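Given the sequences, and given the hints that come with them, work out the whole structure.
Top line first, the protein sequences correspond to chains G and X.
Counted the way my numbering counts, the first sequence spans residues 6 to 449.
Counted the way my numbering counts, the second sequence spans residues 6 to 449.
The list makes no distinction among identical chains, and a pair is therefore deemed to hold if it is satisfied within one copy or across any two copies.
Keeping only pairs whose Cα atoms sit at most 25 Å apart, straight-line, the calculated SDA-like set for lysine to any residue is:
(1) Lys11 with Glu207
(2) Lys408 with Ala418
(3) Lys408 with Val195
(4) Lys48 with Asp141
(5) Lys338 with Val298
(6) Lys377 with Asn359
(7) Lys246 with Val275
(8) Lys81 with Asn148
(9) Lys48 with Asp142
(10) Lys17 with Gln159
(11) Lys342 with Asp357
(12) Lys138 with Tyr152
(13) Lys246 with Ser224
(14) Lys198 with Asn407
(15) Lys132 with Gly253
(16) Lys110 with Asp162
(17) Lys83 with Glu207
(18) Lys221 with Ser139
(19) Lys408 with Phe389
(20) Lys138 with Phe125
(21) Lys48 with Gln159
(22) Lys198 with Gln37
(23) Lys193 with Asp414
(24) Lys11 with Thr149
(25) Lys11 with Glu163
I should point out that these hints are in silico values taken from the structure, not numbers from a laboratory.
Because the structure is a prediction, the values reported are computed rather than measured.
Listed below are the residues making up each chain.
There are 2 protein chains.
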Amino acid sequence: MGNYAKIANTGKQRVVIIGGGFAGVELAKSLQDADLQVVLIDKQNYHTFQPLLYQVATAGLEADSIIHPFRKIFLKQKNFYFRLAEVERVDTALQVVETSIGLIKYDYLMIATGATSNFFGDPQMEKHAIAMKSIDDALEIRNTILYNFEKSLQLDDEEQRNSLMDYVIVGGGPTGVELAGALSELRKHVFPKDYSELDFREMDIHLIQSGPLLLKGMSAEASAKALEYLERFGVKVWLNKRVKSYDGYTVLLDSGEKIITRTLFWAAGVTGAPIAGIRPESVLRGNRLQVDVFNRVVGYSNVFAIGDIAAMVTEENPQGHPMLAQPALQQGKLLGKNLMRLRAGEALLPFDYNDNGAMATIGRNHAVADLKLFKKEYKSQGFFAWFIWMFVHLVSIVGFRNKLEVMVDWVWAYFTYDTGNRLIVGKKHLNHPVEKTIISKTVE
Amino acid sequence: MGNYAKIANTGKQRVVIIGGGFAGVELAKSLQDADLQVVLIDKQNYHTFQPLLYQVATAGLEADSIIHPFRKIFLKQKNFYFRLAEVERVDTALQVVETSIGLIKYDYLMIATGATSNFFGDPQMEKHAIAMKSIDDALEIRNTILYNFEKSLQLDDEEQRNSLMDYVIVGGGPTGVELAGALSELRKHVFPKDYSELDFREMDIHLIQSGPLLLKGMSAEASAKALEYLERFGVKVWLNKRVKSYDGYTVLLDSGEKIITRTLFWAAGVTGAPIAGIRPESVLRGNRLQVDVFNRVVGYSNVFAIGDIAAMVTEENPQGHPMLAQPALQQGKLLGKNLMRLRAGEALLPFDYNDNGAMATIGRNHAVADLKLFKKEYKSQGFFAWFIWMFVHLVSIVGFRNKLEVMVDWVWAYFTYDTGNRLIVGKKHLNHPVEKTIISKTVE
Chain G
6 MGNYAKIANT GKQRVVIIGG GFAGVELAKS LQDADLQVVL IDKQNYHTFQ PLLYQVATAG
66 LEADSIIHPF RKIFLKQKNF YFRLAEVERV DTALQVVETS IGLIKYDYLM IATGATSNFF
126 GDPQMEKHAI AMKSIDDALE IRNTILYNFE KSLQLDDEEQ RNSLMDYVIV GGGPTGVELA
186 GALSELRKHV FPKDYSELDF REMDIHLIQS GPLLLKGMSA EASAKALEYL ERFGVKVWLN
246 KRVKSYDGYT VLLDSGEKII TRTLFWAAGV TGAPIAGIRP ESVLRGNRLQ VDVFNRVVGY
306 SNVFAIGDIA AMVTEENPQG HPMLAQPALQ QGKLLGKNLM RLRAGEALLP FDYNDNGAMA
366 TIGRNHAVAD LKLFKKEYKS QGFFAWFIWM FVHLVSIVGF RNKLEVMVDW VWAYFTYDTG
426 NRLIVGKKHL NHPVEKTIIS KTVE
Chain X
6 MGNYAKIANT GKQRVVIIGG GFAGVELAKS LQDADLQVVL IDKQNYHTFQ PLLYQVATAG
66 LEADSIIHPF RKIFLKQKNF YFRLAEVERV DTALQVVETS IGLIKYDYLM IATGATSNFF
126 GDPQMEKHAI AMKSIDDALE IRNTILYNFE KSLQLDDEEQ RNSLMDYVIV GGGPTGVELA
186 GALSELRKHV FPKDYSELDF REMDIHLIQS GPLLLKGMSA EASAKALEYL ERFGVKVWLN
246 KRVKSYDGYT VLLDSGEKII TRTLFWAAGV TGAPIAGIRP ESVLRGNRLQ VDVFNRVVGY
306 SNVFAIGDIA AMVTEENPQG HPMLAQPALQ QGKLLGKNLM RLRAGEALLP FDYNDNGAMA
366 TIGRNHAVAD LKLFKKEYKS QGFFAWFIWM FVHLVSIVGF RNKLEVMVDW VWAYFTYDTG
426 NRLIVGKKHL NHPVEKTIIS KTVE
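Here's what the structure looks like:
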């Protein structure tokens, strides 16, 4: 056993929250008046507003606008302590978390580690596909897209050029649909101006969905309209197709078709990101932790899980709740309340998911929304849904300054048909692996 | 010889500009109506507004606000071509530039490669000191500062903690003075709120200047006031001291004093960044290229140099012009005009530097300015100078959107005493080398 990380001993019981996503932040906030020491551990020093990551990836928003440093969020919360660290494992017998900065003792452990991309055990796909789970991923995607065009300028061979200009998105859920919409928007309004030397009729955007419907889980109207919008914007939607393999150049579909691209975005599924040290009996399929209706991990008295990592298996929800922001926020909030009840000897309140519906945007002026308000359902597609989508995301993003920045960026983009600064960050892209691959491909 | 890079043959003579700093961009702009093909080569896809880099480094501005992609700047210039590439060397006999994307032929070669940090041949300093020449450097500095505090939280040993909390800036020119001022501002208004677990009386900011005056080259009043302001803000200014050595931990001064710090900023001098293939007789001390009064590199008929890399040695300027934005902008503009005159068979106009003065800001409400307007000199220190400084920088920054962003950030910071998002970008800082050094130091 190593040394203990240095955290003031305040004489209070200590709640350790692993992960500062929607669930972890909401939980920490809801404990602001608790007579406890709240320690949040994250490997980034900021919270990320994940629903808008795809806009950072497509240069629509600046990275800084959708993140909020934890220390800023909790500036006024006296019982809050942040530690920038990576968690290695937990020891539930000794009640310690082993981290990159040392051991951290806990009285209550709150696991809010979220989800990670699920490549369904395909190592080749994992190696070549691009996922979008973090700001770093989003910036990497932005770099890749911009660099691909710079590189395309140098190629005479049509297949080689197309391999850089064409994009394949796997997964027709909200992320895949929104990314496809944003790319088609850029193809129409932004890229042709920046790269007048390229012919953007050559740029293809493919969206591959294994089932018959886009936005599975939303209404039939929403699915149908999303498909209609995407096709209107020139996205090639492949329904009922699965990707069999991808070697970084050729996408092979189960139906035999091949698509050539150097850029495949993986939005086809996520899996829980559990931590070592939790008893295997509590880890369900999909790597999620089985919790009771109070979000307590089955088999423990003082270990809880919330958000994407938690699977609250009930008759209504045999798979647990959807891995989305809403259940995470609601579970985080309730768990804070329940922890205080627990310590006061009061009965715990079971979690009751209040589903407010779902929505997705597909380029300028177009979105689909299935809303549930006061137990009534409202369906909307088109301009009004798009407006609602913007409003909901604006009010949800953390921090007034971020709201302002996002709004200014959106208004700017709307009226100028231009997006934010399209800069390639970092030096490595000058010697991007793509270049070497191209050379070897050409030689073959 | 390798292959040629792919650039359309427009049938026009080709001007190749290497480097998109102030000089290169201004030159390309001034050639917008020329019957020439203008090719700009840069290793970034954006222009950087260098005078505000220190604000990015100190989290005062977002990186995106002070850069502008070349393709956006030249969106409407038909004869302009951008290529993202690294220049390896030039062959002036064959009239080609050898780059990472292939050979590029030129009729006129314009060298605008700027300057790089001068460590005066001290490899240990070069290894351990942090320079600030690019957006990547600035972000690296921001990361380092924020990470240092996260790390300090874990240390009991006072010397170890101070090595992370203290900063040494070498060089009392505008960059050093402005960086010291910005750091003292953060120490006063921002860091103590974010890191309430740390005692910021422990944080020392040292500014080391080899000569007796700060802001050498400015008026005696400006130098004196800059010193007064910095000392008022608690910066420890060391005049007439030189750094003898720095091993990443101990700064040894020539007078024998030692300062412990893991973060030393190098702002003590720059040197030209010449390219291979230029005849050595034209490379002067300080690695600058000797040019005549038309910015033509001595010994060539069709090779020119502008900005920091150019040394126009005259009786008035035995060292060439100061390595600043103003001479670069003015030389770039005049060279564009002269190139058109040259091709029209007209006499070239000699460069006549119009010195508008200099200024530096030292934290909120404080700046020093020596202005020259219509041949008259105006000196100002304090709030008015600070206001002028802001105005001049706002109007100088490229792009309306950037102006707007910078202004919003400044106004926000002014009234809230808060700065932009303080995020640590990238993953590497979790396993920052600092950590390893600390461990080894502790063991010693």
